[in-house]
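Protein chains: 2
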Amino acid sequence: MRTPTAAVLVVGNEVLSAKVRDENGPFLARRLRELGVQLLSIRTLPDRTDAIVEAVDAERRRATWVFTSGGVGPTHDDLTVPAVALALHRPLVVCAPMLEALRAMHQRYTGDPDLPEPARRMALLPEGTRLLGDPSFPTLVVENVVLLPGVPEFLRLQFEQLAPDLASPPFRLACVYVRLGEDRLAPLLDAVALAYPAVDIGSYPRFDAADHRVRVTLEAKDPREVEEALRALLASLPDGALVRTDGP
Amino acid sequence: MRTPTAAVLVVGNEVLSAKVRDENGPFLARRLRELGVQLLSIRTLPDRTDAIVEAVDAERRRATWVFTSGGVGPTHDDLTVPAVALALHRPLVVCAPMLEALRAMHQRYTGDPDLPEPARRMALLPEGTRLLGDPSFPTLVVENVVLLPGVPEFLRLQFEQLAPDLASPPFRLACVYVRLGEDRLAPLLDAVALAYPAVDIGSYPRFDAADHRVRVTLEAKDPREVEEALRALLASLPDGALVRTDGP
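Top to bottom, those sequences are chains Y and B. Following this note's numbering, the numbering of the first sequence begins with 1 at its first residue and continues without gaps. Following this note's numbering, the numbering of the second sequence begins with 1 at its first residue and continues without gaps.
The following block holds chain Y by itself, in its conformation from the complex (with noise of 0.2 Å):
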């Protein structure tokens, strides 16, 4: 089986302009990875039609699941929705159940059992649109987009509506910490990489006091690959150079 792989695309000026810092794409980053779903990109775009229908067309061919956070709302700075209509060719259509779920909602908070026209308007979704888990706080898919919201409570709770479905074998992983620097490790991580292709292998450097100077770390799904290539990094480091390993 093929890893599963997938995009993130964070919709916000607030997060571009720095009111807000971003919490939805590492808790992403995080959720896909312990899932076994190999993250291909994280984009912050703005809020522009043109910006999320030119991510929207790129990352849904690349990847398998393209998430999208936030611009899901009424108001006019929320274009998430149509704008991934328009990268999918799908018309806008009002999805019946959705504003079921809408009126439901907003006569819980007001009391009011009438939605306003900027509420039904959320109920016009992508043609397809599927409604997943609890279905008086649905998770939109449509084709391989995941129309997540931006508040990051509510976009853990639909993620999670969705998390089982995306489940694939874990990644194993192994970590060297080496007292020798880059200039000296990289020809050994040459060497290693070029052997063990389905192994990736991240070096990452440290400038401060710690014990270590470079944290090697050994990454993949099998791990009899990440433990013949540990086994061979760790037999052509020199003497005295190793601190310790990690893992797999």
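Hints are computed from structural coordinates only; laboratory data are not their basis. Check the hints yourself; a few may be wrong.
If chains are identical, the list can't say which one is meant, so a pair holds when it fits in one copy or spans any two.
SDA-like, lysine to any residue: derived pairs with alpha carbons at most 25 Å apart [unchecked claim]:
no., residue 1, residue 2
1, K19, E153
2, K221, L157
3, K221, P169
4, K19, L155
5, K221, L194
6, K19, R156
Given chain Y, work out where chain B should sit, using these hints.
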């Protein structure tokens, strides 16, 4: 004068795989805002040449400045410099002042006056790269692309060497906190957004126990535009809807 714009490309598998939380995107977002530069996008990319080339090529055409973060070290996963050279159609050439800076730094850290081969590779830069600021720790700029390191302390130092060249008049921001929900607020914001197209208007709902249900932000470079849009919005609010205002 047109508002200068920027795009940030964070190169790092470690962020996408949730091993590290990116600090550089939020730092650059905050500093660029303070400097009056409009940030158009932040993309977190994998350590892959094709992904970096494509992103540099797209962003350098639409932004005044493109900042890359990470991928400038000596190991196999440091691909940003050759990828920028490819995106700009410039050959990689040995940069003598960079070679001297690297040699001096290596000597300071290790006592060894001979620079190892992998570190010498870090002096291969796109032809025409300019070295700005402290010659022993220069900021690398080629065309409108600024190549910053991934280590946050170093990124900050190198960014600040360039910051005075970026500065533009500041953004002016007013905030309006209201008791209305977005449902009721939407048509009022539509009217203000239409009447003041130069003002960026954001609407941020809350669903907790705060004293307001929505924060509206009004932002532009011209303080008069912000004040007029603010006045128009306040005049349109129904009695009792306003909690308070901040700024401009």
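So, going through the hints one by one against the coordinates:
no.	hint	in the structure
1	K19 to E153	both (18 Å within a copy, 22 Å between copies)
2	K221 to L157	neither (27 Å within a copy, 38 Å between copies)
3	K221 to P169	within (7 Å within a copy, 50 Å between copies)
4	K19 to L155	both (19 Å within a copy, 21 Å between copies)
5	K221 to L194	within (18 Å within a copy, 52 Å between copies)
6	K19 to R156	both (21 Å within a copy, 20 Å between copies)
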